[in-house]
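**Q** Sequence:
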Amino acid sequence: MTLSDQSDDLGFGIDSTATEVLAGIDLTGKLAIVTGGYSGLGLAATRALAAAGARVVVPARRTDVAREAVAGIEGVEVEELDLADLDSVRAFADRFLASGRSIDILINNAGIMATPLTRVGPGWEAQFATNHLGHYALVNRLWPALTAEGGARVVVLSSGAGETPRINWDDVHFAEGYDKWAAYSQSKSANILFAAELDRLGRAAGVRAFSVNPGYILTPLQRHLAKEEMVGAGWIDEEGNALLPEFRAPEQGAATQVWAATAPALETEGGSYLQACKVAKTFEGPEDREAAERLWALSAELTGVDAFGKSE
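Numbering (our numbering), first residue to last: -11 to 300.
Note that these hints are calculated values from the structure, not bench results.
Where hints are given, some of them may not hold.
[Stated by the list, open to error] Below, in silico cross-link-like pairs of lysine to any residue (SDA-like), each with a Cα-Cα straight-line distance of 25 angstroms or less:
1) Lys266 - Gly203
2) Lys266 - Ala285
3) Lys266 - Ala39
4) Lys269 - Arg188
5) Lys168 - Arg50
6) Lys168 - Thr103
7) Lys269 - Glu289
8) Lys269 - Ala237
9) Lys168 - Trp157
10) Lys266 - Glu8
[As the list claims (entries may be wrong)] Quick list of simulated restraints, FRET-style, between CB atoms:
11) Ala192 - Lys266: 23 to 29 angstroms
12) Gly297 - Ala253: 42 to 48 angstroms
13) Ala86 - Glu275: 27 to 33 angstroms
14) Gly12 - Gly165: 26 to 32 angstroms
15) Pro132 - Pro252: 46 to 52 angstroms
16) Lys266 - Thr7: 34 to 40 angstroms
17) Phe296 - Ile2: 33 to 39 angstroms
18) Asp159 - Ala79: 26 to 32 angstroms
19) Arg55 - Asp159: 26 to 32 angstroms
20) Gly297 - Gly12: 19 to 25 angstroms
Since we're looking at a predicted model, the values are computed, not measured.
Beta carbons are placed, not taken as given, at the ideal position from N, Cα and C, and that holds for glycine.
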């Protein structure tokens, strides 16, 4: 994907919308995949990318709900994918690769937050499995399509909870002492470290990767939280209205991910952690590099997939 013909607007910030970020940008002929692109931030990104001319593939666990949500958006197709099921990830990737199409943009947007203790696959903790391992396997299985034409970008949705990445190496699946917020924070830390290592490994093939903190947005991501918990935290009032001044609309929350996917200014900033359409942090220090490499090795071992190694 060649982005040099796009104009940079360094004035983008926390109040910018996905539509504003893509104003004047022609993505005709480009293909984007947005996991979870039928709800919340993902739907806002899907709409903006499609409006800019991109063909958008929306992998979804609930395909009926997804098709209803994107109905009427030209250039969008829905495919079945359950990120918590590695067989489903393999099947989606196999179908896509068989189509012979290349990928210009892959936004790993889908996720779950603060869930009750849930085990998936071979007993994996669901937030780590869904938010990180499923996306890790997806990217690695789609690698031939990401490298087919060069210049692809991979965007991984993280959060403020992962700005200082921490992985519980001794008990990554919380066999003991499960805490829903600690598990969520770990999965978001993994998103950051994954993007950093993917960029390091993939840049020679022309693929750049970024992690993104979308900010405070009320979306279905909070579906596992009781209203009382969010009221007690000061997020919302009894009627469900946002109280924190930091809260933004989904279209604003999606701005940084579409900026990460298209901005020419980022062609030399791969591996960075972005927020409010700015580079907030890089992860090139020795401790971050060591953690990123360790996470990649662990992910390859758990999933059996590594586009850069010998795992299957």
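**Q** Which numbered conditions among the earlier hints are violated in the structure presented, ordered from lowest to highest?
**A** Violated: hints 2, 7, 12, 13, 14, 15, 16, 19 and 20.
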